[in-house]
Amino acid sequence: MISDRVKASLKREFKTSRMAQLGLVLVLLVIVVATFAPFFALHDPTEQRIGTGDGVDDDDAGVIGDNDEDDDDDDIDPGDVDDADDADEAESTDRTDVPPLSPIPGHQFVGETEQIQRVDHDDGTFDIEIVETEVHADRAFPLGTNTVGQDIYSRIVYGARVSMLVGILGAGLAALVGVPYGLAAGYFGGRLDDGLMRGADVMLAFPSLVLAIALVGVFRDSGFHTTQLPDPFVLAAQSDTIPNVLIPRAEHVASMPESITFPVTVTLVVALVNWVWFARIARGEAISIRNEEYVKAARSLGASHTRILRQHIFPNAMTPIIVLATIQVAFIILLEAALSFLGFSGTNLTWGADVESGRGDLATSWWISTMPGIAIVIAVIGVNLIGDWLRDALDPGIEGESGGM
Amino acid sequence: MRFVRFLLKRLVHSLFVIWGVVTVVFFLRFLTPGDPTTALVSPDAGQDVRDALREELRLDEPIHIQYFEYLTDLMVGDLGNSMDVLDRPVTEWIFGAHLIRSVELALAATFVAVVIAIPLGVISARRRHQPADYSATLFSLFGISTPNFWLGIMLIIIVAVPIGFIPTGNPGPLFYQALGDAVTQGNFGGLWDWLRHIFLPAITLGTYFTALITRLTRSGMLEEIGKPYVKACHAKGLPETLTLYKHVLRNTLIPIITILGLQLGTLIGGAIVTEVVFEWNGLGQLLIDRISTRDWTMIQGIIIVIGVGFVAINTIVDILYAYLDPQVVSK
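Sequence order for the protein chains is A and B.
All residue numbers for the first sequence refer to my numbering, where the first residue is 1 and numbers rise by one.
All residue numbers for the second sequence refer to my numbering, where the first residue is 1 and numbers rise by one.
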């Protein structure tokens, strides 16, 4: 299906283009991180660290208004918090709004968090006060924590899974529907072409995001369909039959979530919204290929339509379809991020939802929204660079016809 | 004559697409599971209340009758009443300030994009493989890869929070009102207020387009620059800037306009997210609000208005295009 000439041209372009190399590195990075998320994550991404703020002692965290005799603990010493390098020790105390480590040597970000404190009076009554406290960066949370004390870095690592899965599966599904549709329309032409492409024109009249929102609105009432994808590494690390020596850091891996929530509805919706771009491209290719000599030859030899479509039209239409599929992965990652940003996802462990979760504290805890967005940009830039590489090497002539939000 | 035939064919096609959009939107609602009145009445309301409501919303009739009635209502511009408490006609909502705000935002973003992108693309093509080209390429790569909701948030953090006078939470005055104040009363405060409000949302929404147009202009220019007519221009001593902007750019623009027509959906989609980020009270914000309250007549109305607008703009672009380039008609 991929000829030697195409391979050679891909190689040539790759060798000369720094951007193509960078793209491949970025995409491989994201895919490796997504695949081996339990090894890369530092903490369980869903684990919250909200304490009473009544002190930093382990025992009295977790219950608001815990009966605590220590009055002098009210004024939290930031240094005290900073010392809690060990994740296990920090687990049950309040670790919300921890700022990220600064890349500039000698510089530190300082965050602030609101904590509920109980102030006991001498007469036995007490008040609940909200006190703002300074929070310092912590090596246990390199990119900081969010408002409920989840580790942002670990959430980004796990978010890569949802983004890449939805992006790749969504583009794949869209191609699966759109390519046969477009090939049939272009190859057979005539009435069938008119009918099929009118349908496609109606689809194109809906901006993708608008249609996606409407569809999500429709499907939401029957519940977002999600499925739990078990994590093979975590299950292996937890099981007794597989010797733990085979898995690096088995104890750490075993403490990670056993499964991730995969948003089925969203994947179907993004495919449903984007298949029509594949249909357009496939149709154009089929029209230009169907009058080639070799197709005419096959036809005069009595080859069936299915055979011609499968053996001749489809392989020769592959190049632009592959380029489009690559660009579509980038688009769908952005679309999924936008949908989960708007709260239409069905799972919270995605980059878009994490950006949204920080919107309330932009002036103070800026990193909560910033960090997951950087991850989106890295992934999408990587995929786009690969798309550019394929486009420059294969020149399919589909500049800009890539779909849209 | 041929142009007239093309015109008629194009218009019939657009009408068909609009009919398709309306039909899809109408039947979308029937995919929603459960009784549509559930979202409207209190849980303890009796069956009689529900039945009355069903009758009022014409839900008790067979689906093809409902569809037919929806179409006939639409012919006279009636999109039904909002199912939310206020019960106002959907058209009153949409064609009030919401639509104007969205259109203002989209136009401002397009303005930002065109003003920045075309010179950037030309410079990039002219200084190929020089630092200016690399910076422009890098910028456009980031531009098409950055989700605009995140870009908006970054602008709030980096620009709005430190500077302070750029508001982020409300949409400010409408442009025509502000302009009216400036013209009739010489009061330019309104215009300044408008500019201050639309500044960040316009950049947020416009960045993707700026990047896209820069890329398209650059690659289109590079393709054109090698053609013989450019050499002819050089040969007769035309200044390079004039050659580039008057001849090469003009030939590059035609395919760019087609692609931009196709990408208009991106602008509309992006506008929805941008409106949410900046609490810009436009159609997108309205759509998101009503999705959560399940106000289906309103949702349908908004999607139809967006779809029809989209089709109308693409039709106009196509017709203009055919008028300017007769080859299109004969194809």
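Careful: at least some of the hints might be erroneous.
[Claimed, not checked] Selected chain A positions facing chain B (in silico; Cβ < 7 angstroms):
hint	residue
1	Leu301
2	Gly360
3	Val377
[Claimed, not checked] SDA-like cross-link-like pairs, simulated, lysine to any residue; straight-line CA separation at most 20 angstroms:
hint	chain 1	residue 1	chain 2	residue 2
4	B	Lys9	A	Arg5
5	B	Lys9	B	Lys227
6	B	Lys227	B	Gly261
7	B	Lys9	A	Arg191
8	B	Lys9	A	Gly190
9	B	Lys227	A	Asp395
10	A	Lys15	B	Pro239
11	A	Lys15	A	Arg5
12	A	Lys15	B	Lys9
13	B	Lys9	A	Asp193
[Unchecked claim] Negatives, chain B to chain A, calculated, CB over 10 angstroms:
hint	residue
14	Val4
15	Ile144
16	Phe149
17	Met154
18	Gly180
19	Asn251
20	Leu262
21	Gly270
If you are wondering where the hints come from, they were derived from the structure by calculation, not from laboratory data.
All residues carry an ideal CB built from backbone N, CA and C; glycine is no exception.
For this session: Hints the structure violates: just list their numbers, smallest first.
Result: Checked against the structure, the hints that fail are numbers 1, 2, 4, 5, 6, 10, 12, 15, 16, 17, 20, 21, while the rest are satisfied.
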